[in-house]
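Please model the entire structure based on the sequences and the hints provided.
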Amino acid sequence: MCRVIDVRQAVLARNDALAGALRKELASRRTTVVNLLSSPGSGKTALLERVLAALVERGVPVAALTADLATENDARRLARSGAPVKQVLTGGLCHLEAAQLRGHLRGWLPADTRVLFVENVGNLVCPAAYDLGETLRVTLMSVTEGEDKPLKYPMAFGLAHLVVLTKNDIADAVDFDRPAFTGNVVRVNPGVGIVPTSARTGAGVDGLVERILAVAEGAAVHRPVMAGRVREGRLLQDAPDDVPAGQR
Amino acid sequence: MHELSIATAIVERATELARRHDAAGVEAVRVRVGEMSGVVPDALRFSFEVAREGTVVEAARLVVEEVPARARCAACEKEFAVGTPPFLWCPHCDSPTTRLLSGRELEITVIELAEATA
Ligand SMILES: Nc1nc2c(ncn2[C@@H]2O[C@H](COP(=O)(O)OP(=O)(O)OP(=O)(O)O)[C@@H](O)[C@H]2O)c(=O)[nH]1
Ligand SMILES: [Mg+2]
Ligand SMILES: [Zn+2]
Numbered sequence: 001m002c003r004v005i006d007v008r009q010a011v012l013a014r015n016d017a018l019a020g021a022l023r024k025e026l027a028s029r030r031t032t033v034v035n036l037l038s039s040p041g042s043g044k045t046a047l048l049e050r051v052l053a054a055l056v057e058r059g060v061p062v063a064a065l066t067a068d069l070a071t072e073n074d075a076r077r078l079a080r081s082g083a084p085v086k087q088v089l090t091g092g093l094c095h096l097e098a099a100q101l102r103g104h105l106r107g108w109l110p111a112d113t114r115v116l117f118v119e120n121v122g123n124l125v126c127p128a129a130y131d132l133g134e135t136l137r138v139t140l141m142s143v144t145e146g147e148d149k150p151l152k153y154p155m156a157f158g159l160a161h162l163v164v165l166t167k168n169d170i171a172d173a174v175d176f177d178r179p180a181f182t183g184n185v186v187r188v189n190p191g192v193g194i195v196p197t198s199a200r201t202g203a204g205v206d207g208l209v210e211r212i213l214a215v216a217e218g219a220a221v222h223r224p225v226m227a228g229r230v231r232e233g234r235l236l237q238d239a240p241d242d243v244p245a246g247q248r
Numbered sequence: 001m002h003e004l005s006i007a008t009a010i011v012e013r014a015t016e017l018a019r020r021h022d023a024a025g026v027e028a029v030r031v032r033v034g035e036m037s038g039v040v041p042d043a044l045r046f047s048f049e050v051a052r053e054g055t056v057v058e059a060a061r062l063v064v065e066e067v068p069a070r071a072r073c074a075a076c077e078k079e080f081a082v083g084t085p086p087f088l089w090c091p092h093c094d095s096p097t098t099r100l101l102s103g104r105e106l107e108i109t110v111i112e113l114a115e116a117t118a
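Sequence lines, in order, name chains E and W.
Position 58 (the first sequence) corresponds to 58 in my numbering; numbering is contiguous.
Position 80 (the second sequence) corresponds to 80 in my numbering; numbering is contiguous.
Treat the hints with care, since some could be wrong.
What the hints assert, rightly or not - In silico SDA-like pairs for lysine to any residue, Cα to Cα no more than 25 Å straight-line: (1) E:K152 x W:S102; (2) W:K78 x E:G183; (3) E:K152 x W:F80; (4) E:K152 x W:F46; (5) E:K152 x W:R72; (6) E:K152 x W:L4; (7) E:K152 x W:P85.
What the hints assert, rightly or not - Chain W is nowhere near these chain E residues, computed Cβ spacing over 12 Å in every case: (8) E49; (9) R58; (10) I170; (11) A214.
Rather than coming from a laboratory, the hints here were simulated on the basis of the structure.
Yeah, the Cβ is synthetic: ideal placement off N, Cα and C, and Gly gets one too.
Structure representation (C-alpha cells):
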C-alpha cells in the first residue's frame, strides 16, 4: 500500500522563492545585487578591487561580500577600497544559497547601499543553479582558461546577464582566440554582452562600471534564452513567491 | 559535487512531505531532469543513495525522467532539438532562439509514501 502525492515542484523552489523575496526587499531599498561567477582564479577579486575603487571615487555607496571555502584574503584585498566588505567562509560548501546570503546581510549591509557585489565561490558548476536575488549575474572567464569553457559550463555562461573576459593584458601571450570564444558564448547565450577587461592595466573597467551603474538606475538587463521559464501548464504549489521570468 | 546538493534538497523535500502526511517511509521519488538543467542523471542517482542514508527516505527509489531540450524558432516557427552542449540558434534559418520549450526542468513530480502502520 502506498499513497501517491502529486508534488510538481522545482527542486530548488525554496531557494528560488527566498531569492525572489530578497530581490524585492533589496529593490525597495534601492540596492542592486551583482553576482560574480567564475572558476577559481579567473580574477574576480582583482577586477572587483578596481570596480569598487572606481565606484567609491564617484561617491556611489557600494559594498561587497566575498565567499570562499577558506581564508580571508579576498576580503582583506577588497577592504582597501574603503567600501564595507564581508568575508563569508562556506566551510566546504561549493556555492552560496539565498538563505545564507540573506543571513549574512542582516545587520551588516548599510541601508544606503546602491550596489552590492557578491563574489561567489570560485566554481562554474554549482553557483550557476542558485539564484541569489541578483539583478545582474556576471560570469567571468580569463583568457588563460581556453575558448571552449562556455561549452563545458553552459549553465554558467548561458544564464549570465553579462560575460566579462578578464586578464586581456596577457591575451596575446596565450594566443587567445577571441572569435572562437565569442562564438561559443553566443551559441549558449544569444545576444549577451561580452566585456573585455584587465585588472592589471585597468582596461575595460570604466565601461563595466558604467554598465553596472545603468542597471542600478533601472536599465533593462539582457534576458538569456536559457532563463526563460518552462511552464507547460504545471502548478507551482508550495512556491509562495514565484520568481519573475528572466531570473531563472 | 553539484548533484549532491541537489540530491540533498530532494531528500529534504521528501522528508518534509512524509512527515506532513504521517507516512512511515517513502517508497519512491519521481523527478524530471532536463537536458539543460546542469544535472547529470547518473551522478544524481549516485548522490541520492548517499543523501538518503539515515533519513525516512532511506529505502526510496529515485525515478528519473530525462527531458530533452527543445526550442522553437520565432523567425521560422520550426521546432528543434537543442543538443548537448546546447546550440541555441535555429538549425533551419540560423536565427537566435527566443523560446525554449523544454530542457531546464529540475523538479520533483511525485512522491510515493508508505502507509503508516496503524
Ligand atoms: N595578468 C593579469 N593577471 C591577473 C589579472 N587579474 C587577476 N590576475 C591574477 O590572477 C590571479 C587570481 O586573481 P584573483 O583576483 O585572486 O582571482 P579570483 O577569481 O578572485 O580567485 P578565487 O576567489 O580564488 O576564485 C592573481 O595572481 C592575480 O594577480 C589581470 O587582469 N591580468
Ligand atoms: Mg577571489
Ligand atoms: Zn528558424
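List in ascending order the numbers of the hints, as given earlier, that are violated by the structure.
Per hint list: zero violations.
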